[in-house]
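2 protein chains.
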Amino acid sequence: MKHYQKMIHEWLNVQRKNGIRLLTQLVQQASTQGNEAKAQAIVVEKCRQLGLEIDIWEPDGEKLREHPYFISPRTDFSNSPNVVGILRGTGGGRSLILNSHIDVVPEGEVEQWEDEPYSGAIKGGKVYGRGASDMKGGTVSFLLALEAIKAVGIRLKGDVIFQSVVEEESGGAGTLAAILRGYKADGAIITEPTNMKLFPKQQGSLWFRITVHGKSAHGGTRYEGVSAIEKVKMVLEQLQELELERNARVVDPLFQHISIPVPINVGKIEGGTWPSSVPDRVVIEGRMGVAPNETVEMAKQEMEHCVSVINQSDNWFQTHPVELEWFGAQWLPSSIDENHPLVAVLADAYKRVKGETPTVEASPWGTDGGLLSQVGQIPTIVFGPGTTAVAHHPNEYIEIDNMLIAAEILALTIIHWCEIDEAGERTS
Amino acid sequence: MKHYQKMIHEWLNVQRKNGIRLLTQLVQQASTQGNEAKAQAIVVEKCRQLGLEIDIWEPDGEKLREHPYFISPRTDFSNSPNVVGILRGTGGGRSLILNSHIDVVPEGEVEQWEDEPYSGAIKGGKVYGRGASDMKGGTVSFLLALEAIKAVGIRLKGDVIFQSVVEEESGGAGTLAAILRGYKADGAIITEPTNMKLFPKQQGSLWFRITVHGKSAHGGTRYEGVSAIEKVKMVLEQLQELELERNARVVDPLFQHISIPVPINVGKIEGGTWPSSVPDRVVIEGRMGVAPNETVEMAKQEMEHCVSVINQSDNWFQTHPVELEWFGAQWLPSSIDENHPLVAVLADAYKRVKGETPTVEASPWGTDGGLLSQVGQIPTIVFGPGTTAVAHHPNEYIEIDNMLIAAEILALTIIHWCEIDEAGERTS
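Chains S and B, in that order, are what the protein sequence lines are.
Using my numbering, you'd call the opening residue of the first sequence number 25 and step up by one each time.
Using my numbering, you'd call the opening residue of the second sequence number 25 and step up by one each time.
One or more of the hints may lead you astray.
Just a few of them, taken from the derived set where beta-carbon distance is under 7 Å, the chain S residues facing chain B [as the list claims (entries may be wrong)]:
id : residue
1  : G244
2  : I253
3  : P277
4  : Q280
5  : H281
6  : S283
7  : I284
8  : N289
9  : V290
10 : K292
11 : G295
12 : G310
13 : G379
14 : T381
15 : P382
16 : W389
Since the hints were derived computationally from the structure, they do not count as laboratory data.
All C-beta atoms in this analysis are idealised placements derived from N, C-alpha and C, irrespective of residue type, glycine included.
If we strip away everything but chain S, and leave its shape as in the complex, we get:
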């Protein structure tokens, strides 16, 4: 095995500049929701160069919306194609899905960026721009891994199904569409930015909205009203209680270094309309983490119970109940057995390339892995070169070295998982 590892390593070293060029081209396409087509065209062209079987299609929103786990603010995916490129195996090996998403979150306030948000600027061993870490760097690692395998003349037994999907940042409709199109495999890897850690488990998440009612009055006679700002305090406290309870139950060692494994985050608050009126309505919006070993339905039930306790325990709320709504995004949690062979194969490849054991943790955020594992029944692991510390932030970047090292680790993983067809191998 060692001889091709060296060849792959050397080939990647030589191709470093081409890999960087591919990444900057992808970053320079502002592939926010609805604007993914040009970035996908670059991916398609690369797949064509690699001789992959190519499948390009626009997800069918009308059909998708019937699925219970369809989450998206839109059902029209015109000009938002999914791309799949298949490296067909010779047969008899395990198949593997390589999943990455092409959509990026908006750039936010342009003033906070040192360079243009989609510059693809190269500075100090890093490529800068929205999507560099999340997750075009991971896309390039996949494509470099496949190119390296082909370049060194290896033929695989199992199929490798590379997926460049839309819509991950909005709840996974792109990956859901790929699953419903029939793409299955014996395992899947997602190169979301784990900062080179292995995440066999990923936290899911749900968005909630809670509305608290009060009674309006003039601020000068505020005692004649009921302040929704006063009343929301009890709700915030109960949410903290619920978070404590839920996290006390998390004993998975993968969470041992994480102070709050499944947080309940209140991200937004808005209430009242006039400084000198008693506010009769406050709305909070937040994100509830879902543990890898629970379902979104279980998590929802606990929150609903918490709200019903609030509504029973307070005189005002008994007649003016707090309202709970699930809205917006949702990511299913995902979990693969730590002893699953895919984890072992990836960890082994990591060790061979890096000379050390990888960090194995649970992720604090959801990915399309929840859909792949829960809907597609495909064992899924998340591992990628970017870092969430810069994802969704101004001046997002990726370290070029990590992108190349990840490509090498992925190449070895693919080879080990899908197996070499010795008969078909052109070099030895």
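Knowing the structure of chain S, use the given hints to seat chain B on it.
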């Protein structure tokens, strides 16, 4: 004295329909800020009919803005004239300002109104429409009182200075302009909607804005951030403490039936931008009541001290201080000695008309009385026929009976205060 009281009473009874017509005409003019001219034209025409000396002018915003108590979102008062009508006395009597404002607050959501917001509909002894209570009913009471005095042939020694001002709802620039134009008197009455109570003292108020800073992070790793929603709780608690302290000091018996004499009302809260992000900023806006016996400067100092204590007592706030801002509206508190002759004269007139002692209280809101008393040095009392329970609300109305009774009480008050010039009296 009794003979003219009876004549005034009978005259008002006969003129009831004319009074109602004047009110509906005024209510039908939507005299929100910037749109006061047509309603003022009706007032001017009435003053002309009454033979008053008329002064009409647009306040000079550029000059007003230099005054420390000038509060308005605008400095251009084109087409927003103040109107003054003087019933000149024969000399030797006390002068009296009759102050009412012509501007109304916006109608709010039209769907919540049974009739059109500016219908002037007459139903069940009430006239409906924005401004009926606050305070076009009070304006009509003044004008009817003056008309009655003239109708029964009384000539007064003191001057009566009727003022129909703009801009009360935005902080009093109209009354400030009248004071700075030189209008002075030995006393002033404002017919704000007191529901026929006497308010010798009025609470002032200040608007404040407090900004609380946090530190953003992804909701899935919320422990890496500092939630401004969490941190604002301490600020809300300290504001409640401050309110308790300030109200514990209020021992004035005029406040004995008011559970919180000078409330601190938090009317608005807004923070965070994304459900799954830790909010790094929360802004609250509110109204601070100012006691009649304190200045706005004293009240501001207490709030500023409270915020500095918050900033010193919390580790996070030491490096990320809470910010306090005074913005928007401000009403000066106002206070007249309960033994001032104007209170006695008004209470006496009330008793003669209603056959009972009036309720004397402190008002829970500010009026232009603060400017009249503090800037103009004019002893001021607030008494009017409308009710704040419906002011600023949909389906605002005024009871026609009260408008007429108030006119009678005001007529007697004016006569007693300004004194009859017996030589000039045409009827006896």
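Consistency of the hints with the structure:
{"no.": "1", "hint": "G244", "in the structure": "holds (4 Å)"}
{"no.": "2", "hint": "I253", "in the structure": "holds (5 Å)"}
{"no.": "3", "hint": "P277", "in the structure": "violated (18 Å)"}
{"no.": "4", "hint": "Q280", "in the structure": "violated (14 Å)"}
{"no.": "5", "hint": "H281", "in the structure": "violated (11 Å)"}
{"no.": "6", "hint": "S283", "in the structure": "holds (5 Å)"}
{"no.": "7", "hint": "I284", "in the structure": "holds (5 Å)"}
{"no.": "8", "hint": "N289", "in the structure": "holds (3 Å)"}
{"no.": "9", "hint": "V290", "in the structure": "holds (5 Å)"}
{"no.": "10", "hint": "K292", "in the structure": "holds (4 Å)"}
{"no.": "11", "hint": "G295", "in the structure": "holds (5 Å)"}
{"no.": "12", "hint": "G310", "in the structure": "holds (5 Å)"}
{"no.": "13", "hint": "G379", "in the structure": "violated (29 Å)"}
{"no.": "14", "hint": "T381", "in the structure": "violated (24 Å)"}
{"no.": "15", "hint": "P382", "in the structure": "violated (20 Å)"}
{"no.": "16", "hint": "W389", "in the structure": "holds (4 Å)"}
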